Amino acid sequence: MIILTNSQDYPEKSKGAVVAIGNFDGLHLGHMALIEEAKTRAGAMNAPTVIYTFTPHPASVIARSCAPRLLQTLEQKMESLHAAGIDICIIEKFTRNFSEIHSKDYFQNIIMQRIDPRAMIVGYNFTFGLNREGTAQSLTRYGMEAGIEVVVIESQSVGGTAISSTNIRNLIFNGDVSAAEKMLGRHYSIRGKVISGKGIGGKLGAHTANIDPENEIIPKNGVYVTATSILGEHEGSLSLPSVTSIGNNPTFGGGEFTVETHIIDSEINLSRKRIEIFFLERLDDQIAFHNIDDLRKKIADDIEAAKKFHAAKIG
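Going by my numbering, the first residue of the sequence shown is number 1, and it counts up by one from there.
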């Protein structure tokens, strides 16, 4: 996948592509409906499939106090788009000046002059231009005037609930990672570098790797069944059964927030490595115990529950 950081750099030879436009935060199943439509049409036209997205999130420029936390880092987003089979990704820098371009000017001076697509795919709630004056409907009208097909993808749902980045964020904030998975089409994951902890886990019979999270959204405090991968030289080669605790260690009086992961039945050294933690199932809240023995037993029970979950998945 070719990544461009400015639409001005779009190659002349790739004009006539099918372009899907949006923020694509989380690259959930609703986004995948846009992408599959774009790929299908691009295949029929023998044209490239192009994603046109933005960084930072437009809301962080237009209304910073209302800007959402993002479901993926830019690195994760690019990897997901690459895996989805995208040919070219334009990551336009979204600035205050960019936000003040009128929708018609944006269409004519950026979309048409720089990219010149044969077809465009957007979601039903797509907006663009100054004060969000442009909509999917006005884009369709502009497209008709320019001889470009504009396809608007309707809202997608799971179990009667609309798939949206907002709904997925709320599910993760509430710890419902299983429901989030159904909307994402994959397990929610966070990345981070393993950092030094206080060594409490080892004293309780379960050595843990503490991470400094790179992601903006961390699931609700609690204990989760997880799978952990090592990024970098072993990327994609290891997926280790694990159990992850998120919170402030209430048994020890609270304090510093931590994300710590125990790799089940493994002595692998994760020190200073970057890892990715995939959240499979929530087990319980973090609980304040009156004595260490009760905490030690709870940790053992959580590990056993995680083992059974992983065994059932394999079986």
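Since the hints were derived computationally from the structure, they do not count as laboratory data. All values derive from a computational prediction rather than experimental measurement. Heads up, the beta-carbon is just placed ideally off N, CA and C, and yes, glycines get one too. One or more of the hints may lead you astray.
To be verified - Below, a list of computed lysine-lysine pairs in the DSS-like style, where the Cα atoms sit at most 27 angstroms apart: (1) K193 <-> K307; (2) K220 <-> K273; (3) K13 <-> K39; (4) K93 <-> K220; (5) K104 <-> K220; (6) K297 <-> K313; (7) K39 <-> K182; (8) K298 <-> K308.
To be verified - Computed beta-carbon distance windows for the label pairs: (9) N131 <-> K93: 14 to 22 angstroms; (10) I292 <-> R96: 49 to 57 angstroms; (11) I2 <-> N174: 18 to 26 angstroms; (12) K93 <-> K182: 32 to 40 angstroms; (13) R132 <-> E267: 47 to 55 angstroms; (14) A44 <-> D176: 37 to 45 angstroms; (15) H102 <-> S60: 32 to 40 angstroms; (16) T161 <-> R118: 51 to 59 angstroms.
Going through the hints against the structure:
1. Distance hint between K193 and K307 is fulfilled; the C-alpha atoms sit about 25 angstroms from each other, no more than 27 angstroms.
2. Taking the CA atoms of K220 and K273, the gap is about 24 angstroms. The hint holds against a cut of 27 angstroms.
3. Restraint check for K13 and K39: the C-alpha separation of about 18 angstroms stays at or below 27 angstroms, so the hint holds.
4. A threshold of 27 angstroms between alpha carbons decides the hint, and for K93 with K220 the separation of about 31 angstroms lies outside it, so the pair is violated.
5. Of the pairs offered as hints, the one joining K104 and K220 is violated, with about 43 angstroms between alpha carbons and a cut-off of 27 angstroms exceeded.
6. Between K297 and K313 the alpha-carbon distance is near 25 angstroms, which keeps this suggested pair within the 27 angstroms criterion.
7. Among the hinted pairs, K39 with K182 is consistent with the structure: their alpha-carbon atoms are about 22 angstroms apart, no more than 27 angstroms.
8. The straight-line distance between the Cα atoms of K298 and K308 is roughly 15 angstroms, inside the 27 angstroms bound, and the hint therefore holds.
9. Distance hint check: the CB atoms of N131 and K93 are about 20 angstroms apart, consistent with the given range 14 to 22 angstroms.
10. Taking 49 to 57 angstroms as the suggested C-beta distance range, the pair I292 and R96 conforms, at roughly 54 angstroms.
11. Our hint of 18 to 26 angstroms for I2 and N174 is violated, since their Cβ atoms are close to 38 angstroms apart.
12. K93 and K182 have their C-beta atoms about 33 angstroms apart, which keeps the hinted 32 to 40 angstroms range intact.
13. Hint check: R132 to E267, Cβ distance near 54 angstroms, so the stated range 47 to 55 angstroms holds.
14. In this structure the supplied range 37 to 45 angstroms holds for A44 paired with D176, their Cβ-Cβ distance being about 39 angstroms.
15. H102 and S60 have their C-beta atoms about 21 angstroms apart, which leaves the hinted 32 to 40 angstroms range violated.
16. Separated by about 34 angstroms at the C-beta atoms, T161 and R118 break the suggested range of 51 to 59 angstroms.
Hints 4, 5, 11, 15, 16 from the list above are not met by this structure, while the remaining hints are.
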